[in-house]
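Asks: Single-letter residue listing:
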Amino acid sequence: MLLNRKYLPIAVTVFLFALMFLAGAFRYTGFFSLQVFFNLLIDNAFLLIVAVGMTFVIVSGGIDLSVGSMIALTTMISASLVQEQGWPPAVVIPLVLVLGTLFGWGMGAVIHYFKIQPFIVTLAGMFLARGLCYVISINTITIDHPFYQKMAQTKVSLPGGSFVSISVLIALVVVAAGVYVAHYTRLGRNVYALGGSEQSALLMGLPVARTKIAVYAISGFCSALAGVVFTFYMLSGYGLHAMGLELDTIASVVIGGTLLTGGVGYVAGTFFGVLIQGVIQTIISFEGTLSSWWTKIVIGLLLFLFILFQRLLLVRPAARKL
Amino acid sequence: MRIRKHHLFWPLAMLAALLLFNLIYSPDFFSLQVRGGHLYGSLIDILNFGSPLMLVAIGMTLVIATGGIDLSVGSVVAIAGAMACLTISKGSDQGSLGLVLSAVGLSLVLSLALGLWNGLLVSGVGMQPIIATLILMVAGRGIAQLITSGQIITVTSDSYGYIGSGSLAGLPFSIFLVAAVFAAAGLLTRRTALGLFIEAVGRNPAASRLAGIRSRYVLLAVYLFCGLCAGIAGLILSSNVSSADGNNAGLWYELDAILAVVIGGTSLTGGRFYLTGTVIGALIIQTLTTTIYMIGVPPEITLVVKAFVVLVVCLVQSEAFRQALVRRWKTRHYPAEREAAKHAS
Amino acid sequence: MGDWIGDLTEKKGVRPLLGMTGIYKHFPGVKALNGVNFRLFPGEVHALMGENGAGKSTLIKVLTGVYSIDRGSVELDGRQVAIHSPRQAQEAGISTVYQEVNLCPNLTVAENIFIGREPRAFGRIRWKEMNRRAERLLRERLQLEIDVSRPLADYSVAVQQLVAIARALNISAKVLILDEPTSSLDRGEVGQLFAVMRKLKEEGLAILFVTHFLDQVYDISDRITILRGGEFVGEYEAASLPRIELVSKMIGKEMEALEERPKTAGSARGPRELLLEASGLARQGAIEPFDLRIGKGEVVSLAGLLGSGRTELARLLFGADRSDQGKLRLGDSPGTIHSPRQAIDEGLAFCPENRKTEGIVDDLSVRENILLAMQATRGWLRMIPRRKQEELADEYIKALNINPPNPEQLVKNLSGGNQQKVLLARWLLTRPKLLILDEPTRGIDIGAKAEIQKLVLKLAGEGMAVLFISSELEEVVRVSDRIVVLRDRKVVKEMIEDDIGQQQVMRAIAGG
Chain C
453 MLLNRKYLPI AVTVFLFALM FLAGAFRYTG FFSLQVFFNL LIDNAFLLIV AVGMTFVIVS
513 GGIDLSVGSM IALTTMISAS LVQEQGWPPA VVIPLVLVLG TLFGWGMGAV IHYFKIQPFI
573 VTLAGMFLAR GLCYVISINT ITIDHPFYQK MAQTKVSLPG GSFVSISVLI ALVVVAAGVY
633 VAHYTRLGRN VYALGGSEQS ALLMGLPVAR TKIAVYAISG FCSALAGVVF TFYMLSGYGL
693 HAMGLELDTI ASVVIGGTLL TGGVGYVAGT FFGVLIQGVI QTIISFEGTL SSWWTKIVIG
753 LLLFLFILFQ RLLLVRPAAR KL
Chain Y
3 MRIRKHHLFW PLAMLAALLL FNLIYSPDFF SLQVRGGHLY GSLIDILNFG SPLMLVAIGM
63 TLVIATGGID LSVGSVVAIA GAMACLTISK GSDQGSLGLV LSAVGLSLVL SLALGLWNGL
123 LVSGVGMQPI IATLILMVAG RGIAQLITSG QIITVTSDSY GYIGSGSLAG LPFSIFLVAA
183 VFAAAGLLTR RTALGLFIEA VGRNPAASRL AGIRSRYVLL AVYLFCGLCA GIAGLILSSN
243 VSSADGNNAG LWYELDAILA VVIGGTSLTG GRFYLTGTVI GALIIQTLTT TIYMIGVPPE
303 ITLVVKAFVV LVVCLVQSEA FRQALVRRWK TRHYPAEREA AKHAS
Chain W
-13 MGDWIGDLTE KKGVRPLLGM TGIYKHFPGV KALNGVNFRL FPGEVHALMG ENGAGKSTLI
47 KVLTGVYSID RGSVELDGRQ VAIHSPRQAQ EAGISTVYQE VNLCPNLTVA ENIFIGREPR
107 AFGRIRWKEM NRRAERLLRE RLQLEIDVSR PLADYSVAVQ QLVAIARALN ISAKVLILDE
167 PTSSLDRGEV GQLFAVMRKL KEEGLAILFV THFLDQVYDI SDRITILRGG EFVGEYEAAS
227 LPRIELVSKM IGKEMEALEE RPKTAGSARG PRELLLEASG LARQGAIEPF DLRIGKGEVV
287 SLAGLLGSGR TELARLLFGA DRSDQGKLRL GDSPGTIHSP RQAIDEGLAF CPENRKTEGI
347 VDDLSVRENI LLAMQATRGW LRMIPRRKQE ELADEYIKAL NINPPNPEQL VKNLSGGNQQ
407 KVLLARWLLT RPKLLILDEP TRGIDIGAKA EIQKLVLKLA GEGMAVLFIS SELEEVVRVS
467 DRIVVLRDRK VVKEMIEDDI GQQQVMRAIA GG
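Protein chains in written order, with the numbering used here: chain C, 453 to 774; chain Y, 3 to 347; chain W, -13 to 498.
One should not assume that every hint holds.
[Claimed, not checked] Distance ranges between label pairs, derived from CB positions:
#, chain 1, residue 1, chain 2, residue 2, range
1, W, 343, Y, 314, 50 to 58 Å
2, W, 367, Y, 100, 28 to 36 Å
3, W, 401, Y, 107, 49 to 57 Å
4, W, 343, Y, 8, 23 to 31 Å
5, Y, 11, W, 367, 51 to 59 Å
6, W, 114, C, 764, 47 to 55 Å
7, Y, 152, C, 478, 49 to 57 Å
8, W, 114, Y, 314, 30 to 38 Å
9, Y, 100, W, 398, 16 to 24 Å
10, C, 763, W, 70, 37 to 45 Å
11, C, 763, W, 448, 31 to 39 Å
12, C, 482, Y, 100, 28 to 36 Å
13, C, 602, Y, 41, 27 to 35 Å
14, Y, 14, C, 744, 44 to 52 Å
[Said to hold, decoys possible] One-sided and incomplete, this derived list gives chain C residues near chain Y with beta-carbon spacing under 8 Å:
#, residue
15, 582
16, 584
17, 588
18, 639
19, 686
20, 741
21, 743
22, 764
23, 765
It should be emphasised that the hints constitute simulated quantities derived from the structure, not laboratory data.
Here the structure is a predicted model, which means the values were calculated and not measured.
From the three backbone atoms N, C-alpha and C, an ideal C-beta is built for every residue, glycine too.
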């Protein structure tokens, strides 16, 4: 085998992305440009950020359903503090990041110490965050603070006349940090060990409790950060923001080659998983006659194929052991 | 003390407490009026609006009893409603009974097919239920919108409207549908051996296999049934508003249904299941929504309350939590020993 | 050194590296360790032997900080220590390699060796350095040359085992515990492992070795400590402990004390109608090819130590595991058995060894548990009417003396013996032609034991064939017409009626 088997899923993802992008390029004029590619990033910066956090959670063998609601709550808190209370963004942004982290940390603690399925705990978290939005207000709060305006409108020019938004830079930093943490730090490796086998991780003397809780705290932080970026993008706080985003996030992570059973996955893969979702949306919008719901169907189909593909990959080494 | 051990005690107590609160807060809550041969009142509303949830939750109960979960019910609700409304809207005479019946039949067959898909992925391919049904949860919304072409399909058909807003003997017709499905589920699981098989497979798959139970068919059956329940719920929901909205119909239903099941006393780890408990659980959720509406708080805040209910119910069911309460009085053990003891049991 | 209850070998002038004295560990209802002693000297391989429930795994868990002890002292290097967690055990120099390799298959080989102590610079893991060290460690100490940057799952269990040892060595182990490391290895792989063990021993490492394979014990170990039922039996030089004595001490019967079989009636029964015939049946890694014929009304026992392949053989017959070679013929119907369901339809019944995980459904009532198999054969539509269910449940509760005699009691609230009877009732209801009982009397009280033995004889008298698996020789000899002896995953001997005696069986179990 030329390729190390562990890189196969991510290779498939990258290949798929390239194929889709090229297919788009051949079919539509004006598709094959740097700006179309950058627009993928601009439109999906917040998704990229949550997906990095979700990658950690899924690699650890868990799941976090609260991310979409957490984004909404962050937009809501930011909007209400900045707009209605007149707090400066320099205070509000760190505050929401801390809140998000604490929220994730709390869920992680409940999951670990009371041994309740992550699915259920984060479901409660999802309800809670979504509900808290409405406690603040059931209406949209529009933000017109100059700082947020500036963050939303600033274009960072790149060679070739293309540009990206500041959010994209933030997202790329998060991806880079995610790759670094996952690959080069003890915390990251412990997350992989935990996802591989919690029992083994415990017997190998790894800090299981700390790692597990940290994973949800990371995801909470990422969703809060994504919420901040989402605020830049939408310039408003609203309880209905980012509805169902948890599904898009999970789909991105899985299409990016992360096993839903935990233990295997790459942040870089998630990056391409998000891009694939973006490309599908872009192609569908370029096509014009195709409607937006095809995005969901295609993503569902991709999910199915990837999960099936992962099962086949998993069955093989098992068969060899017998 | 005996009565507190009964599995319906806590759900019933919860429901009673909610009703009591309503009684004190607004005595009108319990008033029933007869207008044109139909009963009206908050209680009737709860039954009527709660019926889709009760249906979905009944199906979900059986799936959860096998140790599985079905995340796709919300999408199936949307698909079933969309299919029925599309068929009716295409007809020349929307009111004709034949058309409505064929629309209903078509969407129920479709729901069964979706249930079959889930069942095959779980029992045939051997995927984890949460993952297998996630696929349809994502794609299903798209399929529902595909059917409705992204529009909200409105139908004007009294025959179809009857399913969700008609009344029979003074009561909403949907109640009778729930009663029929509830009875069918009860008969299927308690008058045949299916219930025993479901509980055995959910509690101890290895022992069930050695006892000769073909778990594959049991799993297939519960996902089929769950699909069917979601389909009927979808019909009621779309018929009630005489339209189908692929995007929003049945949103959050999977979560509410799971919550109803858990409140009803069925454990998420599978095994013993309580259909009556589930129905009461669904009623609690609906009453809660109605109550919050009535007090004048924005209904979205129900979510906060639900979050706490989920957490409390799960904590109560969590062995680790109960042990944590008791442990203070017990001898000190190493963390790993607790871990090992947990794995051993 | 405290009061030693059992035998002890002399080893003058050398201080033990590890000394455990008078260790007590009780669980609710079980005395898992009852005053156990254990010593380990540097540069030796010390085998810890005992049958099921002897306390081996509890002792290891105490040593690795998984369990606390109620009483007793643990000394390491002459200093009293208390080990509170697996991590602390590792820091103290005690490392364990478990039977089920407790590593992370998704991580690379190098990571599995180093995780938790990766070489770092400014918090950044130095992958190249880690891979280089891992390669060197495996090559120099274990003679293993593999690509350490590949996931562990890519390699065989044998290699994984060696990687686990490498991890233990890297944590500067003084004591290495190998808990049944050989159970899923083939002959060549065992050889490779033993070569490594010998080398490590020469380097001064103290190795605690747990295995069920007698040949391996004598092949590699210097001394042997035997436990039985949580009690300390003794510590012996391997070279001066005859096999037969080892087995008798493990089983708990002195050779002299073995009474001859009380000959029951029926020894003159004629040739039997053939019920089941297995020829060359086998499953890789579980049991080597064997032939077995069971006739109607015959009680055949499988004797052998734990892990000798008894359960594996039974599971093949019942279709619980798939055979990968050989033929199995049941009565007139040719062909093999693919699933338990098919076996049940052919008239087989199987009470598994592990009641809790494979037998009872603990949340269901006694009645439901009893009726489960019968209902399964009838299918879901033809439910046994409730009244009939109650009748049947009552009948068997009475016949088997199940206590409490309440069919609606949840089975998890019953004692082990009564749970076993519920399982028996479940299978008797299906009127099997062949009943397979895997350790039906383990962990249950004397009274229930005798009842079950009597029942077996009675059923055989009525024409049912019984395949009986037990670690207790006395019981095996008492109930069997024929005994099939297994050792190290092979059928080694078959004994019929007249030459059945505990001594002979024990010799066969112990082997050459």
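Asks: Look at each hint and say if it fits the structure.
Replies: These are the hints, each one checked on the structure:
1. Between residue 343 of chain W and residue 314 of chain Y the CB atoms are about 31 Å apart, so this pair departs from the stated range of 50 to 58 Å.
2. Distance hint check for residue 367 of chain W and residue 100 of chain Y: the Cβ-Cβ separation is about 33 Å, which falls inside the suggested range of 28 to 36 Å.
3. Against the hinted window of 49 to 57 Å, the Cβ-Cβ separation of residue 401 of chain W and residue 107 of chain Y comes to about 55 Å, which satisfies the hint.
4. Take residue 343 of chain W and residue 8 of chain Y: their Cβ atoms lie about 29 Å apart, and the range 23 to 31 Å holds.
5. Remark: the range hint 51 to 59 Å for residue 11 of chain Y to residue 367 of chain W is contradicted by a beta-carbon distance near 34 Å.
6. Take residue 114 of chain W and residue 764 of chain C: their Cβ atoms lie about 32 Å apart, and the range 47 to 55 Å is violated.
7. Taken as a hint, the range 49 to 57 Å is violated for the pair residue 152 of chain Y and residue 478 of chain C, whose Cβ atoms sit roughly 27 Å apart.
8. The hinted window of 30 to 38 Å between residue 114 of chain W and residue 314 of chain Y is violated, with their beta carbons roughly 51 Å apart.
9. In this structure, residue 100 of chain Y and residue 398 of chain W break the distance hint of 16 to 24 Å, their C-beta atoms being roughly 55 Å apart.
10. For residue 763 of chain C and residue 70 of chain W, the Cβ-Cβ distance of about 40 Å falls inside the hinted range of 37 to 45 Å, so the restraint holds.
11. Residue 763 of chain C and residue 448 of chain W have their C-beta atoms about 48 Å apart, which leaves the hinted 31 to 39 Å range violated.
12. At about 51 Å, the CB distance of residue 482 of chain C to residue 100 of chain Y disagrees with the hint of 28 to 36 Å.
13. Between residue 602 of chain C and residue 41 of chain Y the CB atoms are about 60 Å apart, so this pair departs from the stated range of 27 to 35 Å.
14. About 45 Å separates the C-beta atoms of residue 14 of chain Y and residue 744 of chain C, a value consistent with the hinted range of 44 to 52 Å.
15. With a least beta-carbon distance of about 5 Å to chain Y, the hint placing residue 582 of chain C at the interface is held under the 8 Å criterion.
16. Among the interface hints, the one on residue 584 of chain C holds; its C-beta lies about 6 Å from the nearest C-beta in chain Y, closer than the 8 Å criterion.
17. Annotation: interface hint on residue 588 of chain C violated; nearest CB of chain Y at approximately 11 Å, more than 8 Å.
18. Annotation: residue 639 of chain C was flagged as interfacial toward chain Y, and the flag is violated, the nearest CB pair being 20 Å apart, outside 8 Å.
19. A cut of 8 Å between beta carbons decides the hint on residue 686 of chain C: the least distance to chain Y is about 19 Å, and the hint is violated.
20. The closest approach between the C-beta of residue 741 of chain C and any C-beta of chain Y is roughly 12 Å, which is over the 8 Å cut-off, so the hint fails.
21. At a threshold of 8 Å, the smallest CB-CB gap from residue 743 of chain C to chain Y is about 5 Å, leaving the interface hint in force.
22. Taking 8 Å as the C-beta cut-off, the interface hint given for residue 764 of chain C is violated, the closest approach to chain Y being about 10 Å.
23. Residue-level restraint check for residue 765 of chain C is violated (minimum Cβ-Cβ distance to chain Y is 14 Å; threshold 8 Å).
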